[in-house]
Amino acid sequence: MSGHLDVRRISATGEGSAVREGEGQGEGLCMLIDTTTCIGCKACEIACVEWNDLRVEPEYAQRVLDSYQTMPDMTPSYWNLIRFDEVPVGADRKPLAPEAAAEGAAVQWLMRKDMCMHCAEPGCLIACPAEGAIVQYTSGIVDFAQEHCIGCGYCMTGCPFDIPKFDPVSRRVYKCTMCSDRVSNGLGPACVKACPTGCLEFGSKGEMLERARRRAGQVRAEGFDGAGVYDPPGVGGTGVIYVLHHADKPELYGGLPRDPRIDPQLRLWKGPLKVLGGVLFGLSLAAAALHYLKVGRRRVPEAREARERRELHEAREPHEARAEGAAGREIVRYTLSERAVHWTVAFTFLYLALTGLGLFTPKLSWLLTLLGGGQVAREWHPIVGCVFTGAVLVQLLRWLRDLTITPGDRLWLRRIRDYMAGRDAQVPPSGRFNAGQKLLFWLQVLLGLVLLASGVPIWFPEEIPRWLRLWAVVIHSASAVASILALILHVYMALFVTQGALRAMVEGKVSEEWARHHHAKWAEEKLRE
Amino acid sequence: MTNGWTDIKNADVVLAMGGNPAENHPCGFKWVMEAKRKRGAKLVSVDPRYNRTSAVADLYVPIRSGTDIAFLGGLIRHALSSGRFHEEYVKLHTNALFLLEPGSELGEDGLFGGFDGTRYDRSRWRYALEGGHARRAASLDDPGCVFQHLKRHFDRYTPAVVADICGSSVQDFLKAADVVTSTGTADRAGTILYALGWTQHSTSVQIIRAAAILQLLLGNVGRPGGGVNALRGHANIQGGTDHGVAFHALPGYLRMPVPEDATVERYLERITPRPLSPASMNYWGNTPRFFVSLMKALYGARATAANGWAFDWLPKVADNYSWVYIFDRMYSGGIQGLIDLGMNPVANGPNTEKMIAALGKLEWAVIAEAFETETAQFWRVTRQPTRAEVFLLPAAIFAEKDGSFTNSSRWAQWKHKAADPPGEARADQEILARIFLRVRELYAKEGGRFPDPILGLEWPYANPFDPSLEEVAKEINGRDLTAGKQLSGFAELKADGSTSSGNWLYCGSFTEAGNLMARRDPRDPSGLGRHEGWAWNWPMNRRILYNRAGADAEGRPWDPSRPAIRWDGSRWTGDVPDTLSDAPPGALDAFIMLPEGVAKLWAPDFADGPFPEHYEAAEHPVENLLHPKTTSNPVAPVFKGDLDRLGDVKEYDIVATTFRLTEHFHYWTKHIAPTTALQPEFFVEVPEGLAAARGIRNEDRVRVSTPRGAVEGRALVTKRIRALKVAGRTIWQVAIPIHWGFAGRASGAKGGAEGRGPMANLLTASVVDPNSFTPEYKTFLVKLEKVS
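In order, the protein sequences belong to chains A and B. Each residue of the first sequence is one higher than the one before, starting from 0 at the first, in numbering that gives the first Met the number 0. Each residue of the second sequence is one higher than the one before, starting from 0 at the first, in numbering that gives the first Met the number 0.
The reader is advised that the hints may include incorrect statements.
Pairs of lysine-lysine, BS3-like flavour, derived with a Cα cap of 25 Å [to be verified]: (1) B:LYS484 x A:LYS192; (2) A:LYS508 x A:LYS520; (3) B:LYS639 x B:LYS782; (4) A:LYS192 x B:LYS150; (5) B:LYS639 x B:LYS649; (6) A:LYS93 x B:LYS174; (7) B:LYS416 x A:LYS192; (8) B:LYS628 x B:LYS150.
No wet-lab data here; the hints were simulated from the structure.
Here chain A stands alone, though its shape is the one from the complex:
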């Protein structure tokens, strides 16, 4: 059995994990679980604990006492759990809906060994952003390498069976390894070895499927019309297959999903969204460059009166001209606290964008390395995210009056082409912020809130239902892309287009001319004071 640790796929390599096509196809290994001969003895559970040196955490052993199930769900240190379900059945041995079952109806006690299914197309691996944290061997075994795991929990979101479990102490995710250490040494998994009834078997997928189908045929002949094999095609088939009495109703078996698949959200997130994000970032940078080349920097023309006043002054008092005239009149545009808040927003945004991009695409995962590694990023990104959103809200409250959309803004917006083209004379005067700035700000506030709302489920994956997390990752990524695009615009305008804008945010002051030119109404107000 050597060669079972040859690698077929590695997480976060290439776009969505590289598959070495042609290798290991059709020769994968497989565990057959015949639930029709399983007696729920839990020998597999203990074998798993012993071989893998796991601990049964006492807090998990506080089970819900409606069955013999050891605990409600698997844990980071309990990877194999038999699920027990009492299902009322009719005289034909078909399951009845609980409400349809008469008092004292016959019952069937279903027992299913739950564990990682080792999908041919593993949602966990596709979702994983940490290179090498999840591998799929040519044998089909999907294994977690915790030394590379960053604890993001995306695998938990990607898995349609809800298998991987997050350990809050080590901040890494764990699940069944199919005893890859044993298998690579020619042994079967520990659970199979321990199974007393022979309801567990381990071998090539082809052979296991054949046995499973034969057994399912026997069970059908015993009168269970719905008997069959569970090998869901939505995940490309699984490395763990079941024989079920009621293959037509897999949900009865502790919620075995009827049609598990790589969710469209996951596909969208790991596929088109990533490409789209890259394209949009590229386009926006290119657009900025083009604009710069064509329109260039926006200088503040000296106002006529100012020029006359300066010329007059120079003529009269030539020796004083330089000192007084160069100084002009300065206006405070941003107070110290405003600047502090702005730069908080700026640097937190930068951190979020860089770590977010590192988690978003393997091509930028080096950013995580630069910023202290994936584990650190995973831990700090959400916290920094909260600081960011908080700071944005502080800004919003402070500038609420200045950010209110006015009728003048509509006029401004109608002239946005002139603004873009640098024909400032054609642009209506604006207040403290022009309409473009206001809209950009409102957009960032909105995106900030969306990012926060969608970030929380990603932050606490073990607390949040999976369907919500699936939407959260898509929304979080999409809004992050939008937010970064908006940032590119903002930075471009501030650094390259609007001369003096950076100084305003650094030193807090602008010249009277600058103020009159860019924010005429605001300048007037300020000057009146």
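Given the structure of chain A, go ahead and fit chain B onto it with the hints provided.
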């Protein structure tokens, strides 16, 4: 087991009743699954609870606890009335044709003939003899023959009566009956697996008799895939039974001497049976050889013909020294001290309150245990102050010593020590040897009332303080004392003192060829699961007992595809034959251990009747529907001390039974972390309907009580126990797992009454079977209340 675990794979039908093999014997149960997978075998599970076995059964039939004889009686009647029995087998291999003297029949009052008010005079139950042999009828139709008696006796067990008594529906019963009796042909075989669900009743031996009768009628005894198979509850309980742990047997099931046995001759005369049929081999006729060889093993050269083989040194048992009697005697102050090895009476005796009170009356107790069990701590919980001095000796567990296990299949399997015992822990044999040697020293020094049995005991071990188990195993096998060689089988045993054998049944296990119990050849040339080269099977490595009955009058196996043994013209081939290997068919009857030579459908050997009869448990929710005058077993001992109170259905309205869980082994595994985590907490299984009626929700705390005690724990509300209609009434059953107490990790002591923990046996009664004296743990009445 008449057969063995690996043989179950040959069955076409498996009836699991009075046992829950999937739960309690999961490893052996693989052979049931194998039969299902390979032969399409049908598994029928009959139990008060839909259990782990039921979960993989083809048919589950609920039954009221304690009504197994009614159900089996119904199956017997079904086989007889529908002709679904193996007539040729019945005529050839059972006493069906034997003629009976009148007087043993059951009267309308529910009593067999010969009842004197307290017990039966069994001499009234007789075959019609002629020249010392039983007379045989010409045909099964002879009204005087056993077969007709059987038919008349069980004729009352109609499906309707069965349903009325057991609470199973007529349809379910008939479905089960059709499957089970489908093996009443030559080409089909069925097995019965049972355990404590049958043995722990006041009618337990008769339940097993009923199963034996059914299997004999179906022709299922002595052939692969058949048999009446007791699933033993400990790794070596079969070995313990074989070696005479019960008070009334010496090793090898030799009967214990009684005071009336004045001389060894009178004793041997009493216990050696005489054949009742001309072709009966009557192998127990060799009893003197077995007995004398045993005495030579015990007393060596000091047992001589002149001193009657030291017969006087053996205790003569005048009374009943079975479990419940011992503790009853202890409770009344009749026992000073106790040496307790590998037993936890506080947890596993019936009526725990009485167990604790009895132990409290001791002056001293020596308890050798691997864990500090409930018994080792009994002094903490006695109600009256105790002056007992308690010594807890740390003992090695099974993996810390070598020796042999004899499993349910009667396979004696040698095992090797896996680790040294920790700390000061010692193996049992060392503990016993050191106690013995000190006692012997005292007798040698101080004399004493009767020192001979102690001073005369043979103690030939290389290290007398710690006899090696190999030496003991060799001693058990036995030696030719003249040649100084190990014997190769019990046929070599002599009654003249020239051979020794510690247990004739194990003669052949450790021969000059070495320790056959240590063999590990997994091959199975026959494909029938015999594995002849694996370990050693008593008797004489015979895998299926009574296998001569697996063949017809000409020695042809009933089913040629599944032969047990076959006559090839000159000798028997296949399994080790349960007859002389060169005795042609017809020369000897098949059941060589029985004086009749054939199996007994009718048996005068038991205290409570020649045929099984349904009696209610000592605590019962309804009167006996067959004969209300005699509701419970009239000869079952019921103790009547101040702590032995029985409950009445008016107050205690629910039937309770006890059960075990796969996750735990008796009272040990609650001392171990991982197994404790699998089932950490005591619970009571309460049927959904009953829970609804009493306002009990899942996980609510409930109290279950009898007049003897109470346990508290959370309710596990389940669909798996159903309401039963019995005699027009609805009967509810609850079930109580036995594993918890006040010692160990999963003690549950916090929730227990007065620090006793939720021990199931706080509830059970001191009522025993009149033959085996096993307590009636499995059926009693309780009150169920929600605890707020």
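* Any of the earlier hints contradicted here, and which numbers? -> Violated: hints 1 and 4.
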